[in-house]
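Using the sequences plus the hints, can you model the full thing?
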Amino acid sequence: MSGDSPDSRPATDGGSASDAGVPEADSRPAPSEQPGPEERDHPEGRRNLEGIRIDPVLEAEHESRRAVISALVEDEPGVLARVSGLVSRRQFNIESLTVGPTTVDGHSRITMVVEETDPGIDQIEKQMAKLKPVISVGEVSGNAVTAELVLLKVEADDPAAVHAVTEMYDGRTLDAGPRTITVQLTGDEARIDDALDAFRQFGIIEIARTGQTALARGDVPTAPGEKPGTAGEPTTHDS
Amino acid sequence: MSDTAAHPREDDPEGSEEPATGADDAPAAESDETPAAGAVSTGAESVVAALEAAGAETAFGVQGGAIMPVYDALYSSSIDHVTMAHEQGAAHAADAYGVVSGEPGLCLATSGPGATNLVTGIADADMDSDSMLALTGQVPTEFVGNDAFQETDTIGVTRPITKHNYFASGADTVGDTVGEAFELSRAGRPGPTLVDLPKDVTQDETDETPGAAAPPAGTDPDPNADADAVEAAARAIEAAERPVCLFGGGVIKAEASDAARTFARTYGIPVTTTMPGIGSFPEDDELCLSWAGMHGTGYANMAITHTDCLIAVGTRFDDRLTGGIDTFAPEAEVVHVDIDPAEISKNVHADHPLIGDAGRVLDQLTAAVREAPDAEAWRERCAEWKETYPLTYATPEDEPLKPQFVVEAFDEATDDDTIVTTGVGQHQMWASQFWTYTEPRTWISSHGLGTMGYGVPAAVGARVAADNMGEPDRDVVCFDGDGSFLMTMQELSVAVREDLDVTIAVLNNEYIGMVRQWQDAFYEGRHMASDYTWMPEFDKLAEAFGALGLRVDDYDEVAPAIEEALDYDGPAVIDFHVDPEENVLPMVPSGGANGKFATAEDQL
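So the sequences go chain by chain: A and B.
Each residue of the first sequence is one higher than the last, beginning at 1 in the working numbering.
Each residue of the second sequence is one higher than the last, beginning at 1 in the working numbering.
Because the hints were derived from the structure by calculation, they are not lab data.
Glycine is no exception: its CB is placed at the ideal position from the N, C-alpha and C atoms.
Just to be clear, a hint being listed does not mean it is correct.
[To be verified] Derived DEER-like restraints, expressed as beta-carbon distance ranges:
id	chain 1	residue 1	chain 2	residue 2	range
1	A	R209	B	S76	55 to 61 Å
2	A	G78	B	D226	31 to 37 Å
3	B	E399	A	P29	18 to 24 Å
4	B	D153	A	E74	55 to 61 Å
5	A	S88	B	D207	39 to 45 Å
6	B	D222	A	E63	32 to 38 Å
7	B	D222	A	M168	51 to 57 Å
8	B	A227	A	D75	35 to 41 Å
9	B	D226	A	P77	35 to 41 Å
10	B	G218	A	A160	54 to 60 Å
Right, here's the structure in full:
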């Protein structure tokens, strides 16, 4: 560029570069002349962390709650890795994950307990539903039948008392030795928690919990669209 | 196209075994009977038959030990193969090929390093929802899991960055698997898929010709949104006083640009786009406010901030678009159209979720809105913002060449259907800001992953796509930064070998410019590792590759150089030495309010 006085030139929106490469005069406000960030109008409204407009109805932040998610999946290699990877990658707060076969060969049920807000629970369901091996997924209602199996090893200083507590919680003694006693407990979460409190007095040495599994009560399908069936009948929502 | 001769990147771990094309693998040739059309004799031939049946025309890849059977089957295939310099280039080229053509791109790599080199390109396609099929060789099934030579757990590595990936389990089924993977990549919300191919699976004999391919059940959703939800959204749009359309990349992928234009123009609703949505709505239209977000226009960000009804189509509300969620369109009732239910209310709550194909739902909305919103005053306000916050830059005579000027000069010298590819950085932002895009599938860039080095291999893929589409006269211009260009410039060798007519404009500021800009704004000007004063002379490098190489330092050299490069029938590189201190503005600081964009450095 030569022989031209320094100036500035327009950019887009109808502005065009000169064929001769000579910048043209620009009467529009230069960036430094435009109103600064604080000089502009700004709306009063806000959204919360979940992207929901805050208004008198929705002002409160969502509280986390526990939810049981049940997914019917195809037994493809790596299906559990896909689901667990999804959950960990997206930072969902998972409490337990159980998996086992269903009434149909090639199908498994994954039961997941999570602690999330309602939008978070909704996202977990939607993200899981995107996985190709996932046939159906949904939250199991609060009225569902839930159970967990726990193996518990305690010190055997007072075998009679351990036996009594085990009986009280309908448990079974699986192994009893001179130094340790191992019992098995099953039940819903509250019952298991109560039992563990009771066993704590004996000195719990080791514990193994399976995490909760669940089925919806009555005729309600556990995963949405799932057709409750007996062995040999298909359970997919397409049938 | 290019050769298919076998030049394994490493010693073949099974060097002593019989080659895949041995007599045992060619029963058809020994038979007196003429094989039926599409007949296959090996797993590899079944793979290629599936690709041909799916309509694949070009594959981008690099040879290697574990993928050799597939390459051998490609030898007599109708599918062209472009040998790339690096597998990352193959993935980016396939990605761009898919974006330009609307068909899934195809890339191949061998096991281990070949597959891991694809990873960046696959992740890039995943973030931008680009349909693409990657085929990777794998060590023979019996060696899988044993840390064999050139083995990587490709399925494990690519699980989080693919729509779905498959481990081929046998020669009889591998063709159907590849066909399904191809269709899945474009079904519903597009995305990359991958099939990992153990060498024994592709070498084994089979006479199972792949059947008609279809995506897996449940992956091709209903294109129409719920009618009641559409009605409710239509009422909200009618009642709006400050409506804004926000068109994302999904509009382009769904071929919904016409429907989007009809909708906005019918009801006089101002339009912003996301960066991937550039081209969905013509930027020279009076209603268009260009793109919103971190480096979007001030007027788009003002409109987004003040709207009372945001009609968002095919966008996932990326944080580079929204800035801080609390201040994003804070008073807007949000109508969100998306084919993927998981995007609804993921980042921004949707008051009116419309799940379906962008084009179909926009047609539904166009039919359902009975009365245009009363938005005359709002349109005038938007027009005022365009006057108040124009994109500008200064060009004093005594300062170095401004990169924005180069972009504008290219825009002026080329037609509307010119395809622009970019790397990632300041040059990418200038290429998006100072070029006026009017057509979909002309803006090819790395958005969600922000992959430096995307530009040159993307230009290769875009050029091949345009040529395959019978459009050899369309220009392909790659804007690259000096840092970006250095990362994948080896693909220039491919452009030369394949005689691809592309023009690469390096906006060379001898910095990792965007990092330098952030260091100036947020790190007290400490230019740690962003200063590239040892940059090579790109025009001479271009000549070494066999391309046309030009260097430009001054304003009056710009137009002649562009003309020479565009006229040159083959790859050309122009090394534009631009103002190293130039910054990308406006800018919304990360996590800030869109309406508080900075228009000058001292506002950051």
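Practice task
Indicate whether the distance between the beta carbons of B/D226 and A/P77 respects the range 35 to 41 Å.
Solution key: The hint (35 to 41 Å, Cβ to Cβ) holds, given that B/D226 and A/P77 are roughly 36 Å apart.
Problem - Status of the given 51 to 57 Å range, CB of A/M168 versus CB of B/D222 - result: Hint holds: Cβ distance 54 Å, inside 51 to 57 Å.
Practice task
Using the Cβ atoms, figure out if B/E399 sits within 18 to 24 Å of A/P29.
Solution key: Given a distance of about 20 Å, which is inside 18 to 24 Å, the answer is holds.
Exercise for the section: Go ahead and decide if the range 32 to 38 Å is satisfied by the Cβ distance of B/D222 to A/E63. Expected result: Given range 32 to 38 Å: holds, Cβ gap about 34 Å.
Handout entry: Cβ distance range 55 to 61 Å for A/R209 and B/S76, holds or violated
Key = 59 Å, holds
Handout entry: Pairwise beta carbon distance, B/G218 to A/A160, judged against the given window 54 to 60 Å
Key = Given range 54 to 60 Å: holds, Cβ gap about 57 Å.
Problem - Outcome of range test on Cβ distance (A/G78, B/D226; 31 to 37 Å) - result: At 34 Å between Cβs, range holds.
Practice task
Could you tell me whether the CB distance from A/S88 to B/D207 stays inside 39 to 45 Å?
Solution key: The hinted range 39 to 45 Å holds for A/S88 and B/D207, with Cβ atoms some 43 Å apart.
Problem - C-beta pair B/A227, A/D75: status relative to the range 35 to 41 Å that was hinted - result: 37 Å, holds
Problem - Satisfaction of the hinted span 55 to 61 Å by the C-beta atoms belonging to B/D153 and A/E74 - result: Given about 21 Å between the Cβ atoms, the range is violated.
In summary, the structure is inconsistent with hint 4 from the numbered list given earlier, while agreeing with all the others.
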